[in-house]
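So the protein lines, in turn, are chains A and B. Once you know that position 346 of the first sequence is 1213 in my numbering, the rest is easy, because the numbers rise by one and skip nothing. Once you know that position 139 of the second sequence is 1112 in my numbering, the rest is easy, because the numbers rise by one and skip nothing.
Because the hints were derived from the structure by calculation, they are not lab data.
Chain B regions said to be covered by chain A (calculated; three or more residues, Cβ under 8 Å):
| hint | stretch |
| --- | --- |
| 1 | 1036-1042 |
| 2 | 1054-1062 |
| 3 | 1366-1373 |
Backbone N, C-alpha and C define an ideal beta-carbon position, used for all residues, glycine too.
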Amino acid sequence: MTAQHIFTGRLKTPFHPRITELDSLNTWHNWAGYSSAEALYCEDMEYFAIRNSTGVFDITPMTKYRITGPDALNYLDRLVTRDMKKIKPGRVAYAVWCDDQGQVMDDGTIFHLREGEYRLCSQERHFAWLKAASIGFDVTLKEETADVAALAVQGPTSYSILKNMGVRGLEELKPFGLIHNEFLGSELMISRTGFTGDLGYELWISPDKALELWDALFEAGKEYGIRAIGTHALGLARKEAAYLAPFEDFLPAETTVRTGRTRSPLELGLDWLVDFSKENFNGRKALLKEKENGSQWNLVKLDIEGNKTADHSYIYAHEKNNKSEIGFITSAAWSPICKQNIALGTVRSPHGKPGDTLWVEIYYQREMHWNRVMAEASIVDKPFWFPARRGKTPPDPF
Amino acid sequence: MKKYDVIVVGAGHNGLANAAFLAKAGLDVLCVEKNDYIGGAAVSRELYKDWKYSNCSYVCSLLRPEIYRNLELHKHGLQVTPYGGSLQFMENGDYFGSYHDPEAAHREMARHSLHDADAYSRYSTDTMRQCRLIRDFLLRTAPDPTSFKPRDIKELILLGNKFLELGEDRLYETIRFWTMSVAEYLDEYFETDVIKTALSGSGIIGTALGIHSPGTAYVLLHHYMGDVDGNVGTWGFARGGMGAVSNSLAGAFQSYGGEIRSEAGVDQIIVKNNRTKGVALESGEEIYAPVVVSAMDVKRTFLNCMDKNDLPGNFYKRVKNFKIRGSSGKLNIALDGMPTFPALSENSEFIGKADMHFIDSMERMERAYDDWKDGTWSKDPYIDCTIPSATDPTMVPPGKHFMSCFVQYCPAQIEGRAWTNEEREAFGKSVIDQISNYSPDFKDLILHVEIRTPQDIEDQIGITEGNIFHGELTMDQLLFNRPVPGFAQYRAPVKGLYMCGSSTHPGGGVMAAPGANAAREILLDLKLKNTVPENFGDD
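Please build the complete structure, drawing on both the sequences and the hints.
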């Protein structure tokens, strides 16, 4: 008997036919084995769709697991650092989970779909880890990435568009809430979640209804500036919202070879996600010790003077006395919406307190020649972009 | 009665920017506005139910990002969204479009002329070189070439070095550029009429000159030096209309403790012993402050709101001769739907998104100016037509549209006398007819039209002759010559009186730079810490 040869190319999501119709730039990249568009017609305009009207992004390749069974809650509570008991049915939780050393394996979102029924979404594949962690719990784990088609619908007119499409129950849907509707005989899950820091939703449906959903959505959005967008536009929006991106702002613990390249949730500014009042969770002991003894690193959100983007820059404590750097930038951008030179970085303790000033060494190229500038950077507390509309319920029409 | 540290006259974007930086420095600032709404010529007004009109200025690109950032205007509701491309409809049924994407732009230009498509890169490099030269000076006070103050000498050296850096050949080119006409400038690069026409529009906007008039090449630059997030030359819409610019500046000003009073038009700036004491309002009320800043244009400030005897004779004469001629009008139109344009394919990405023009030859451009010289409006005008509602979801009900038509040329007076209502209607008709030639269903979609001649703009906003730049941007009225030689550093000839409107360096275009620069000078005089940001620079 000969085994079936596996498919060695890039997979296509159920939305692929519609996205290719709109694509005129032919710039695709690999996202967990799927083709994902970097930009479709103009990166800048796609970014502004998110901030001005609505951008639609295909998130189907995101890794998804279904967690069910009598022990589902206890299992998740043991797995992640935050208190999952507080996440009622119909709610969504941003969460991180750690290895035994308290180092972040990944971040993701956990959807409490119905009583005792959860979906965990993440960047990386974790089935082995999730399975190992399930020993002793009466739970069923199922990898369902390909079984669910999903779209992020993000921007100030997203509420109007979904209402126009006939979604019911949106008026009461708060950030990090989810509801179920019916769409052409299938269940359509709508969550008020996203990766843009703006008003926005994510739609989840069976792949065989994906194209119908896309068409209905775009028809409903015609007069509300709906636009399909690629990864680059989303990447800029997430930096403005100061959301972390794995492999940019931290490395999943299991992927690092060198010692000291991992980060704990405390080092990533995620202490609000760590609930020590829970009796046990993975990494608790190590994190408690870190909390007592202090962390080695701190994640910083930087507002940098000038307009030269600080990609790959070293960070210094002083402008002149800069013999030794204290850290480096992990992601940087010029924020079109804030007109701010923004960056996320990682610096050694005790540096990194909000309000403090650091210095960033920026190299930038102008007509082949390189220039260098030491730019003053203030550490800020809040996300760079956090509009009132993001949290308003019911949202305004635009 | 309460006495303020500073009174700013006029709550337009420059007045508010000026007031915001002064309030940020800790001063007790009052901004007075004659209208019952703020914003001056950067406003969003509901002139038709559920429609927001940017009924004066309509696009945003020159607003200095340094100011935007420093005053955290995004926290006060400002969002600028770029829009895509521009269109030139042609009488033969074709069109010439320009695209944001350089490859698409080249392809479309090559459809009309391969020569011009390839020449564009040289044109764009040369123009950018001129932009770089001037951009550095936007957020700086122009040096006084006759002064021996260390600061002026330092700034003059900087200015000189900028020029010397260019090298000999380019220095010649620069001097030619600053004095030549936009038509001559474009002739050096392009051979195709419609392409030259498309590029020439920026050379005359807001200026009572024709494309063949010397000095218009610089005006072109003034429209190119703006940017939206580093995309130099890109124009954008303020979300919610241009009022969002003023409202966000007002929000910043108030967050620093500033106070705004509308329906408080200034009748006189009070001067005693060559010193400003405050202002007398039209209502008769007097408000006192040792510093008064006028955001009004220079003519309105010095000729209408001051006693001639308080001003040096020569200064008064110069202000009187300052060129601030009415040259453009505006039509603001509510539309029941998106008009169709047979020249464009049904799914053309230009529909609604592009800046549209309905004129296709250099001769038609110049003829439009001939009408103005004859004391009447252009019968075949240059229209800069945008449909911001196709980009901005906040302006009108879904499926409906708002169209803004900037129209040139349109004189302040008809053959030396006031406009009649019939003439205003006829002016509007010539605009609507021209658009209808390229869009058969356009007329049927019109729900409401606001027609504004320069006289209407002056009556409502207060700008002399409705000149969008508060004075023309010709070499004799730029840098240290703006508004008047010897008075280019925002200080009026009366102690305690300052100017911060677009009649001052670096001029109009919703930059907020004059307001910010004036604030820097005032803080310097008051020996307070500067709150005005420096230019980002681009070395």
